[in-house]
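Asker: The task is simple: from the sequences and hints, build the whole structure.
There are 2 protein chains.
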Amino acid sequence: MTDAVRLNRRGLLAGTAAAIGAAALPGGSRASVPLSGKQAPGFYRVKLGEYEVTILNDGARTFPLPDTFVSNVSKDKALKAASDAFMSAGKVTVPFNPTLINTGSKLVLIDTGNGPSPDGAVGHLFPNLAAAGVKPEDIDVVVISHLHPDHINGLRTPSGAIAFPNAQIIAPEPEWAFWMSDENMAKASDTMTKNYFANTRKILTGMEDRVARYAWGKEVAPGITAMATPGHTPGHTSFAVASGNSRMMVQSDVTNIPEFFLLNPNWHVAYDHDPELAQKTRHKFYDMAASEKMLVAGYHFSFPSAGHVEKNGTGYRLVPVAWSAVL
Amino acid sequence: MTDAVRLNRRGLLAGTAAAIGAAALPGGSRASVPLSGKQAPGFYRVKLGEYEVTILNDGARTFPLPDTFVSNVSKDKALKAASDAFMSAGKVTVPFNPTLINTGSKLVLIDTGNGPSPDGAVGHLFPNLAAAGVKPEDIDVVVISHLHPDHINGLRTPSGAIAFPNAQIIAPEPEWAFWMSDENMAKASDTMTKNYFANTRKILTGMEDRVARYAWGKEVAPGITAMATPGHTPGHTSFAVASGNSRMMVQSDVTNIPEFFLLNPNWHVAYDHDPELAQKTRHKFYDMAASEKMLVAGYHFSFPSAGHVEKNGTGYRLVPVAWSAVL
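Just so you know, the protein sequences line up as chains A and B, in that order.
Residues in the first sequence are numbered from 45 upward in steps of one, following the numbering used here.
Residues in the second sequence are numbered from 45 upward in steps of one, following the numbering used here.
Be careful, since some hints might not be right.
For chains that are exact copies, the list does not tell them apart, and a pair is met inside one copy or across any two.
What the hints assert, rightly or not - Using 35 angstroms as the maximum straight-line C-alpha spacing, the simulated DSBU-like pairs for lysine-lysine come out as follows:
(1) 119 / 91
(2) 121 / 91
(3) 262 / 82
(4) 324 / 91
(5) 328 / 355
(6) 355 / 324
(7) 324 / 231
Since the hints were derived computationally from the structure, they do not count as laboratory data.
Answerer: The following block contains the structure:
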């Protein structure tokens with residue numbers, strides 16, 4: 045049956061105008077329903093012991109790959125990694141995914157996304173929360189992993205009000221100490237770091253008494269323990285979540301996009317405060333995740349933003365979670 | 045800063061009962077919203093030129109890995125592949141994902157899933173269609189890729205009515221000729237093939253005049269061309285979808301689960317009718333998909349069930365599509 049495999053490039057790419065023979069297509073020049081123009085809601089649930097973990101997509105930003113997006117490798121290498129990941133030519137896409145955990149006794153949101161944006165690329169946390177049946181005023185605890193804009197700017201509505209009016213809001217003690225120090229702010233020399241300091245003031249000024257601080261190694265909510273994973277920022281924090289015999293980790297920004305920095309854990313993303321320490325944290329975290337076969341939720345993993353980590357040469361590879369239609 | 049990376053296995057796995065210091069948790073022993081118990085809707089949209097492609101999850105089946113699930117490699121090797129994909133120990137998970145295409149002039153559903161099932165594992169196509177804003181009576185054309193139960197059983201409601209009352213229903217001519225032949229049915233020797241024949245009668249008897257047949261190499265709907273990809277079944281068909289300059293392929297079952305048969309294209313799934321031809325088709329199809337960097341929707345890929353194929357040693361690897369919150 046030598047000609048049995050009849051698919052061919054010409055047939056595929058040229059298509060054909062011939063209609064099917066016996067089957068006359070039904071009449072009408074419009075489909076029975078109009079184009080939707082809208083994506084499905086971006087939330088995904090994982091049952092973890094007695095807990096319900098809901099990952100919420102805040103959207104993604106796609107932008108021309110900056111020259112120094114990876115500070116310690118050539119732009120060509122970075123462009124190759126983007127191309128290998130089928131990103132748009134010359135660009136890089138960074139998604140954002142906060143995590144909501146319902147422990148049964150507390151409704152806990154870890155990080156708040158970018159807040160609503162005029163261009164609609166981000167700020168999807170709020171409609172996705174609504175799609176998941178949760179109102180911002182339902183949140184009992186907002187846990188901040190670190191004080192970068194894409195994690196804290198959703199704390200405020202566009203009018204400046206606190207977006208989660210009934211929540212206790214907590215941030216890592218060493219993170220708060222670093223960024224809220226005017227002395228540290230005065231010492232900042234590069235534009236990015238200056239902007240980060242300015243943004244913390246914009247969002248957090250007036251909320252100082254509203255934000256409590258938590259310590260590494262302690263529970264921030266029942267079954268949710270703060271893990272010290274510094275480097276990305278001085279007080280950057282991940283979370284171990286445990287219910288019954290089930291465990292997962294919410295890594296926050298141990299790595300930025302896995303297509304670059306999980307495959308190549310020694311690459312340094314421009315946003316890392318202490319790149320060497322971030323690299324060391326990365327190896328330690330993923331060596332543990334791989335050996336424990338632990339489910340990991342990653343803020344910058346592509347939605348549904350959870351998966352397992354496997355060793356891959358000198359780096360690691362993400363095996364995305366298999367979507368389950370039932371909990 | 046030698047002790048800066050403080051995450052450790054003991055801290056992670058043991059957790060700690062200590063509450064956070066400064067931050068007293070808000071009162072109450074119940075979260076502000078109850079556990080949902082339900083997964084998010086399983087549909088995902090891709091804008092393809094002027095078309096809107098919506099992949100719909102019908103659910104998945106998880107079952108103890110049968111001894112002969114892969115007919116030409118040892119069960120140990122298959123179990124290793126399942127373990128590498130983080131499937132449940134000793135089991136294999138097979139998801140099902142029909143594709144809906146709104147061309148603007150036609151609403152076209154490719155394959156119909158398993159139909160509703162008492163155990164709730166499958167049959168999610170119908171609630172997911174509803175979540176996507178589509179009623180079964182809105183569908184203009186139902187295109188069947190091949191006559192296996194998980195692709196045709198959704199043609200009938202549990203009461204036996206045609207589930208898509210206003211649709212033209214079309215199936216591949218060579219597929220229809222093979223399975224609807226009583227002579228072929230009489231020759232079937234193994235239980236699986238006998239069951240497949242019996243199921244075609246159960247579903248299609250009484251619909252013979254309702255189902256038109258289409259030819260390979262022709263359009264089955266505007267911009268949707270039937271591609272001959274036989275082997276899995278004698279008339280197994282894939283689809284090239286084209287709108288403007290954009291192209292994708294809906295592969296149907298060129299491979300069963302990619303974690304096994306895309307990584308190892310020479311492995312034969314038990315369900316293949318002509319395994320050698322299926323293997324040949326697989327290589328031809330994925331060589332083209334890889335070289336053309338074509339988006340591929342796979343019926344048995346994990347939802348959202350689309351991605352790009354890259355060469356990986358002697359096989360291929362799936363790079364799942366990056367979820368986009370906007371079209």
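Asker: It remains to establish, for every hint, whether it holds in the given structure.
Answerer: Evaluated hints:
Proximity of residue 119 and residue 91 under a CA criterion of 35 angstroms is satisfied inter-copy only: 30 angstroms between copies versus 40 angstroms inside one chain copy. In this assembly of identical chains, the alpha carbons of residue 121 and residue 91 lie at most 35 angstroms apart only when taken from different copies (29 angstroms versus 39 angstroms within one copy). For the homomeric pair residue 262 and residue 82, the shortest alpha-carbon distance between copies (31 angstroms) is at most 35 angstroms, but the shortest distance inside one copy (41 angstroms) is not. In this assembly of identical chains, residue 324 and residue 91 lie within 35 angstroms of each other by CA distance solely inside one copy; the values are 31 angstroms within and 40 angstroms between copies.
In this assembly of identical chains, residue 328 and residue 355 lie within 35 angstroms of each other by CA distance both inside one copy and across copies; the values are 12 angstroms within and 30 angstroms between. Proximity of residue 355 and residue 324 under a CA criterion of 35 angstroms is satisfied in both settings, with 16 angstroms inside one chain copy and 31 angstroms between copies. Taking the shortest Cα distances, residue 324 and residue 231 sit within 35 angstroms of each other inside one copy (25 angstroms), while across copies they are farther apart (64 angstroms).
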